[in-house]
Amino acid sequence: MTVGKMIELLGGKAGALCQKFHYGSAFGEGGGHNDNIETISETLVKHHFNYSGTDFMYS
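First residue of the sequence shown: 2, per our numbering; consecutive thereafter.
The hints are simulated quantities; they were obtained by calculation from the structure and are not laboratory data. Think of the CB as a built atom: it goes at the ideal place given N, C-alpha and C, for glycine as much as any other residue. Keep in mind that a hint or two might mislead.
Stated by the list, open to error - Ranges between beta-carbon positions, derived for each pair: (1) Ser60 <-> Ser26: 25 to 35 Å; (2) Ser60 <-> Phe28: 33 to 43 Å; (3) Lys21 <-> Tyr52: 10 to 20 Å; (4) Lys6 <-> Asn51: 29 to 39 Å; (5) Tyr59 <-> Phe28: 35 to 45 Å; (6) Lys6 <-> Val46: 20 to 30 Å; (7) Gln20 <-> Tyr52: 28 to 38 Å; (8) Leu10 <-> His49: 16 to 26 Å; (9) Val46 <-> Val4: 19 to 29 Å; (10) Asn37 <-> Ser60: 11 to 21 Å; (11) Ala27 <-> Asn51: 13 to 23 Å; (12) Ala17 <-> Tyr59: 29 to 39 Å.
Construct all of the structure, not just a fragment, from the sequences and the given hints.
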């Protein structure tokens with residue numbers, strides 16, 4: 002699994018919680034619109050999830 006994919010996984014989870022799209026490229030964007038891992042992780046913590054995105058799901 003690449004670093005970009007891991008950032009996209011965190012961004013997808015945080016984006017679903019706050020109804021916002023996250024740009025999760027590991028290489029950045031020319032306009033500076035990419036979201037860094039710290040910002041995404043703070044969004045997860047604000048919604049009572051783990052900082053690193055590791056949560057258990059039970060069925």
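Do the hints match the structure? See the list:
{"no.": "1", "hint": "Ser60 <-> Ser26: 25 to 35 Å", "in the structure": "holds (33 Å)"}
{"no.": "2", "hint": "Ser60 <-> Phe28: 33 to 43 Å", "in the structure": "holds (36 Å)"}
{"no.": "3", "hint": "Lys21 <-> Tyr52: 10 to 20 Å", "in the structure": "holds (18 Å)"}
{"no.": "4", "hint": "Lys6 <-> Asn51: 29 to 39 Å", "in the structure": "violated (18 Å)"}
{"no.": "5", "hint": "Tyr59 <-> Phe28: 35 to 45 Å", "in the structure": "holds (36 Å)"}
{"no.": "6", "hint": "Lys6 <-> Val46: 20 to 30 Å", "in the structure": "holds (22 Å)"}
{"no.": "7", "hint": "Gln20 <-> Tyr52: 28 to 38 Å", "in the structure": "violated (21 Å)"}
{"no.": "8", "hint": "Leu10 <-> His49: 16 to 26 Å", "in the structure": "holds (18 Å)"}
{"no.": "9", "hint": "Val46 <-> Val4: 19 to 29 Å", "in the structure": "holds (21 Å)"}
{"no.": "10", "hint": "Asn37 <-> Ser60: 11 to 21 Å", "in the structure": "violated (33 Å)"}
{"no.": "11", "hint": "Ala27 <-> Asn51: 13 to 23 Å", "in the structure": "holds (21 Å)"}
{"no.": "12", "hint": "Ala17 <-> Tyr59: 29 to 39 Å", "in the structure": "violated (19 Å)"}
Against the hints set out earlier in the document, violations occur for numbers 4, 7, 10, 12.
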